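In case you want the letters, here they are:
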Amino acid sequence: MGHSGGQTGVARRQRWRGLFLSPPAIILAVFVAAALFAPFLTPYDPVTPFLAERLQPPSFLHWFGTDSLGMDVFTRVLYATRIDLSVAVASVLLGIIIGAPVGALAGYARGWLDDVLMRLTEIMQAFPQILFAMALFAAVGSSIWHLILILAFFNVPVYLRMVRSSALPLRESEFVLAARCAGHSTLSLVIKHILPNTLVPIFSQFSLSTAYAIQMVAGLSFIGLGVHIPEAEWGSMINLGAGYVIFGKWWPAFFPGMAAFVASYALHGLSRRWKEFLVT
Amino acid sequence: MAIKGLTVEIREKSRTLPVVRNATLSLASGRWLGLVGESGAGKSILALAILRLLPPSAAITSGRVLYNECDLLKLSDGEMEKLRGQDISVVFQNAVAALNPLFTAGEQVADVYRTHHRASKREAQQKVVELFAALGLSDPESTARMYPHQLSGGMAQRVMLAMALICSPRLLIADDPTSTLDATIQAQVLDILLDQVSRRRMSMLLISRDLRLVSVLCSQIAVMQAGEIVEAGPVGEILSRPVHPYTKQLIEDAELNV
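For the protein sequence lines, the chains are A and B, in the order given. Numbering-wise (the numbering used here), the first sequence opens with residue 986 and increments by one. Numbering-wise (the numbering used here), the second sequence opens with residue 51 and increments by one.
Derived from the structure by calculation, the hints contain no laboratory data. Treat the hints with care, since some could be wrong.
[To be verified] Just so you have them, the derived chain A footprint on chain B, three or more residues with Cβ under 8 Å:
#	stretch
1	100-111
2	129-138
3	145-151
4	183-192
Just so it is clear, the structure is predicted and the values come from calculations on it, not from any experiment. Every residue, glycine too, gets a C-beta built ideally from N, C-alpha and C.
So here's chain B without its partners, still in its complex pose:
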C-alpha cells in the first residue's frame, strides 16, 4: 500500500481548509507502519481517505492511494465496497460506539462475513464463535448473544477486532485501538491484536499518539503534524537521528514519561 501526494481539504462555507497536505507514505506487504502525531494532526482523516469514507464536507483534492498496484481513488463505488472489510479493514478507538446497539455482537460480525462470502447464517455464526475464541473471549458463545451495551470495554474492542478480521483482510488500519481502555486491558487487547496480525501476516497501519508504543511495535514510523507528514522512515533511524524539530520534541516527551 502506498499513498502519493495525498491532499484532503475540508470545505467550510466559502473557505477551504487543507487537513492533510501532500502526504506520502509507503507500507510494504506484511510490514507495520506507525503513524504518530497529536490529536487533530489529520491521522484519522488520512485513514478514512484511504478507504474513501471521508465525511461529506471533506474531499480528496489530489494524490493517489495505491493498493496492489491499483489506484483506489479510481475504483467504482461497488468495487470499493467489495474491498472494504475484505482487503482493508479498520479498528476504531471507541468500540462500543462502533457497534450497532440493536443487534447482538455475533449477528453483527456474522453479517460482515455474509456481505463478503456466500454462507448460511449458521456457518457464519460458527465462524464468529471460532474467531471470538481465538481472540481470547472466554465464553465466545454467550458473548455472541450479547448486545453492545452488555459488553465491557475490552470485550467490545475484541468484538470490533473480530469484525475487522472475520474476512481475513490483508491490511488493517488500527486507529488508536486501545486508548479508551484501562492500562491492563489495553495491554491484553494489544497483545491479541498483534498476535492475530502477525499470525495472519497482515500489514498494519497503526495510528497512535504514543510514540513509545509505536516505536516498540512497528518497523517504520511516520510523524504527522498539522496535516503534514514531517518525517518518515525506519524506526531506528528516526529515533537516533531525528531531523524535524517536532519529532525531536516527541522523542524528548516520550523519554520524559519513562
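For reference, chain A alone in the conformation it holds in the complex:
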C-alpha cells in the first residue's frame, strides 16, 4: 500500500473508480439492491402458491414465468437473493472472525500450538465438504442456522491458514520487534500489529469464499438440505423446477440457476479486480 503515497489524488480516484465501477462490482450492487428492495420490485408474494397459473412461460406479467406451484419465478429469484447472500456472507464472516485471530496467534507463537492447529485444519479440510455437510445435517437437523454454522466450519481452516501464512513473515518484521521492545504483550501484538496487517489477503479471499459459499448453499438446498421448499432459495428453486425441464418448461430451473451463476461469477471477478487494484 506504500505505493499510494506517491500518487496524485486524481490517479488514486481513478484506481478506486476502476474497482467500484467495474462490471462485477455493479452486478453485485444490483444483487444487493434486489435483496434489499425485493418487496418494492414485484407485486407478487414469493411463497404463496397460485395453482391456476402453474408453469406459465415468461411473459409481460411474469417476467421469468411461473413454477409448478404457480409462484412467480422473478419474485422468488429476487427474494432468494436475500437468503443466499446473507447466509453466504454470514458464514464467511463467522469463518473469518474465528479463523483470523487464531491463525494470527498460531503464526506468531509457532511451536506446539501452531503444529496442533495446522494438523487440525488439515483434518477439517480432508473431508469432502458436501458429504460432511450431509452427515452433519443428518445429525443436527437442517435449518438456516445450521447451514450458516456448517459453512462457517468450512471457512475457518481457510482463513486460519491464510492469516497464519501472512503472520509468519510479520513476526520477523522490525516493527513487531520494535513493538515488543516497547513492552507490548503477546496478545496486544497479535491484535494490534499482526492481525491488521493481514487484512489485505483476507479481503481478496472474502469474495472468493462468498462465491463458493453461495454455490454450497444452493447445492445443499438443491439436494434438500438447508433451505426448504417453499422458502425462496436458488438451489431449492432449481430442485423444484428440475423435473419439468424435460417437458420443455425450462424457466423455473433456468433463472435461479442463472442468478446463482452470475452472482458467483461477479464475486470471482471482484476478487480478481481487488488483486489487480492492490498491485497497481
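Fit chain B to the known structure of chain A by using the hints.
Frame of chain A; chain B shown alone:
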C-alpha cells in the same frame, strides 16, 4: 546495568554457533557506554539478549544480565514485558521499518504510553505531541497524524525516538541509530537524542561501527569482534593504550578517515 559472562548461541540444524561469547560489560547509572565493532560482530544480538528478545533460533546458554540488582534472565515473561519500554527501551537503525505501516505515528507512540500507564487516549495524545515538539519536530500535531510512509527518514527516526522515550526509561539501547540517515540529518538527530538522554539523566548503550563517534560521546568503550568483547574500559585509556590488535586497527582506521 551489567552483563556477566553472557553467551548466546544460534542453533542451526545439528550444529550450534556461538554469536556472543562470554561477554562481560558494566554500565553505571547515568553513564554512556559505546559498543563498537564491525557488522556481524554480535553487537545487536547482545542488545536483544539484554531484553530477552532473541530470534527463536538463538538462545542464551549462560551468563547473567543484571539490572537494578536483579537478573533479567530470571524474570517472568510478564515482568519482562513491564520492564521493556518502561525501564529499558531501544532505538533501531531503520526507523521506517520499525513503525507499523497501518497506524499513524501519533497512535503508535500513544499506544506505547498506554501499555504502561493508565491514561485516556486524549491524555496520551497530548503527551505524544509534547514529546514530538521536544524532539524538534516542527509541526508535532500534523506529524502525529501521518502514516510511516509519509515521514521522512529524519522524522521517522524522531518518532522512533519518541516511542523509546515516552515512558521515561532509565536505560536506552541505541542500535546504530543514525547510520541510515544523511550526514546532516544524522548530526541533527544525534544532537536531539543526546540532549534528551542527558537531560533525563539516562544511561545509554550506544552501539555503533563508528569509533570516532563513540569516543567523542561516551565515557566507556567496549570493542567487540567475532562475538567476543576483546577490550573494554574508559575511553582515554583505550584510545591511548590499546592492548588488543583489533582495537589498534580500529583506531588506525578511524584516524585515517580524518
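Given coverage of the stretch 100-111 of chain B by chain A, tested with a Cβ cutoff of 8 Å and a minimum of 3 residues:
holds (count 4)
The stretch 145-151 of chain B covered by chain A? Criterion: 3 or more residues, Cβ-Cβ distance below 8 Å.
holds (count 5)
Can you tell me if the stretch 183-192 of chain B counts as covered by chain A, using C-beta to C-beta distances under 8 Å and a minimum of three residues?
Contact hint for the stretch 183-192 of chain B vs chain A: violated, 0 residues under 8 Å.
For the stretch 129-138 of chain B, do three or more residues have a beta carbon lying closer than 8 Å to a beta carbon of chain A?
holds (count 6)
Of the numbered hints listed earlier, the single one contradicted by the structure is hint 4.
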